[in-house]
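Chemist: Next come the chains, spelled out residue by residue.
Protein chains: 2
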Amino acid sequence: MEEKILIFGHKNPDTDTICSSIVKQILSEKDGKTNVKAVRLGNVNKETQFALDYVGIDAPDLIEKVEEGQKVILVDHNEFNQSADGIENAKIIGVVDHHRICNFQTTDPLYYTAKPYGCTATILYQDFIAKGIEIEKKEAILMASAIISDTLLLKSPTTTKHDEKALGELGRIAEIDINKYGLELLKAGTDLDDFSEKELINMDAKKFETKGVKCVIAQVNTVSIPDVLKRKEKLEAEIKSAITESGLNLFVLAITDILNSNSQIIALGDRTDIIEKSVKLEDNMALLEGVVSRKKQLLPMVENNI
Amino acid sequence: MEEKILIFGHKNPDTDTICSSIVKQILSEKDGKTNVKAVRLGNVNKETQFALDYVGIDAPDLIEKVEEGQKVILVDHNEFNQSADGIENAKIIGVVDHHRICNFQTTDPLYYTAKPYGCTATILYQDFIAKGIEIEKKEAILMASAIISDTLLLKSPTTTKHDEKALGELGRIAEIDINKYGLELLKAGTDLDDFSEKELINMDAKKFETKGVKCVIAQVNTVSIPDVLKRKEKLEAEIKSAITESGLNLFVLAITDILNSNSQIIALGDRTDIIEKSVKLEDNMALLEGVVSRKKQLLPMVENNI
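Chains as they are written, first to last, in the working numbering: chain A, 130 to 435; chain B, 130 to 435.
With the rest of the complex left out, here is chain A (with noise of 0.2 Å):
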């Protein structure tokens, strides 16, 4: 048998990353690419456990790294450091994207599609259209999942007008209620109940390096702030040993309010004079209003700070 080609998102999947992975090995395989399997690089979270539950399949295959020579598709990230261990030595052979590229090379020519969208999954819906293939029950679900997820129902300010157009497109091929099954699967990833406080630090958690400074910028979604921050001083506590254990300056833990679109922040490390210089902390929080987003709000407040 033909080795597959291996198609993953990033460590920690959110929805878009997992659902975007089954989708592009649907999508490759209706369009004569059979030789294809979707793989995950960690634990499927509540709300994309909800998506797959919802259409009734099984998450992805786990894989721990990925053999030299190995041929993958990466989706939904690019960067090495939040791809799968061995990465370097893979041989990537396509990505599809909507981040900044970085940390990123190859030594070969490839497929790359990257759109400054607010999902993956909008990318691979205008793929299906511009392929004309047909776009099943089944994969408008997972797509519209991943839109819902990454934009928060269309209200972050990542959305553009493609993932709004290919959402309204999906809800009609899927047969739902947008809205109603958005607010559903949202609340669905809010229930922080089962997480330890090391899991709620890691389960979005992305790590980049700027000018020397190291940082973490994690995110949890939530319908309830003050539910959260009951568990302030466990939180603090993992951040203060994910600091040491990293040699970060800088762990920023943004609680998220779906509902209301705020966020509370959480600072710790030796570099918090870097958040201060936009918003005073008190007791290690801030409230930030109206910031949901953390590629195109708290990233550059952070990197443009440093």
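A portion of the hints provided could be inaccurate.
Pairs involving identical chains hold if they fit within one copy or between any two copies, as the list cannot separate such chains.
Straight-line distance between alpha carbons at most 25 Å, and here's what the computed BS3-like set of lysine-lysine pairs gives [claimed, not checked]: (1) Lys220 <-> Lys424; (2) Lys363 <-> Lys140; (3) Lys294 <-> Lys162; (4) Lys327 <-> Lys133; (5) Lys424 <-> Lys284; (6) Lys294 <-> Lys159; (7) Lys409 <-> Lys200; (8) Lys133 <-> Lys363; (9) Lys294 <-> Lys260; (10) Lys290 <-> Lys260; (11) Lys175 <-> Lys194; (12) Lys290 <-> Lys359; (13) Lys327 <-> Lys175; (14) Lys340 <-> Lys200.
Hint data in this document are derived by calculation from the structure and do not stem from the laboratory.
With chain A fixed as given, assemble chain B onto it according to the hints.
Modeler: Just chain B, lined up with the frame of chain A:
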């Protein structure tokens, strides 16, 4: 007036770089984005001039560098060391390319379309088709010229079925005999009499560094290798100057016979042992039969031996 978005290809522009810049401007304008302007980073070579004269248009304006924050679209390259001076601080909003991705990064999400085809213009051709935008004679000839140039009339091993299909369709639209036009175009590019030896070794030179070894692979096309070798002594003197000036470890000049698909290489520097792992040099030279592509043949040979 709103600031124009500049579209340009790599330094030492070739026919794909110049024609794809112009065609990307035409495509953008036909797609309703009129605020774009093709420019170039260096002199137009004789092959490219032949194509421009054939359609009766001027070369894009020459620029020396880009200012901080300048919005740009890159075609036919992505590596910063092949791009405009100042590119690190420009705002890259799009890339259309057919090379590996390397020495490239952005701070923001962007449009990036790469496909492992023989020519950038083939990707642009597909963009016209996907967007349902009419291809007129002028842009058909420009794209055909780029494909003929990059694939040496579909003979180079970089050629894909996509390039073949595009060139066939473009020939029909342009109402030209592709083989007849193609040979005229390629021959126009092999008239090297007007160029100094220094110009010859720089006209299509790609610089790169692997494992600390600094290399240049330059290429000139000809219909008579012996004609070019009449200037061997002066060519070697210029190569030696380039090595000293830029602290290079290896300079390979490939003199490519486009009719018979062979390349005579001249290799100089303190690391010619890299070349000699593949082929014995005599009098600093070797004939590589069937070798016409820097990207697919020469570059891998050199990199794999480092």
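Chemist: If a hint holds in the structure, say so; if it doesn't, say that too.
Modeler: Tested hints:
1. Lys220 <-> Lys424: Classified as between: cross-chain Cα gap 17 Å, same-chain 27 Å, threshold 25 Å.
2. Lys363 <-> Lys140: Answer is within; shortest intra-copy Cα gap is 24 Å, inter-copy 55 Å.
3. Lys294 <-> Lys162: Between copies only: 20 Å across chains, 27 Å inside a chain, cut-off 25 Å.
4. Lys327 <-> Lys133: Answer is neither: 34 Å inside a copy and 49 Å across each miss the 25 Å cutoff.
5. Lys424 <-> Lys284: Within. Shortest intra-copy distance 14 Å satisfies the 25 Å Cα cut-off; inter-copy 45 Å does not.
6. Lys294 <-> Lys159: For Lys294 and Lys159, the Cα distance is within 25 Å both inside one copy (23 Å) and across copies (22 Å).
7. Lys409 <-> Lys200: So Lys409 and Lys200 fail the 25 Å test inside a copy (47 Å) and across (34 Å) alike.
8. Lys133 <-> Lys363: neither (43 Å within a copy, 52 Å between copies)
9. Lys294 <-> Lys260: For Lys294 and Lys260, the Cα distance is within 25 Å both inside one copy (18 Å) and across copies (17 Å).
10. Lys290 <-> Lys260: both (21 Å within a copy, 17 Å between copies)
11. Lys175 <-> Lys194: Answer is within: at 23 Å inside a copy they meet the 25 Å cutoff, but 50 Å across does not.
12. Lys290 <-> Lys359: Cα proximity of Lys290 and Lys359: none, with 38 Å in one copy and 61 Å across.
13. Lys327 <-> Lys175: within (16 Å within a copy, 64 Å between copies)
14. Lys340 <-> Lys200: between (33 Å within a copy, 24 Å between copies)
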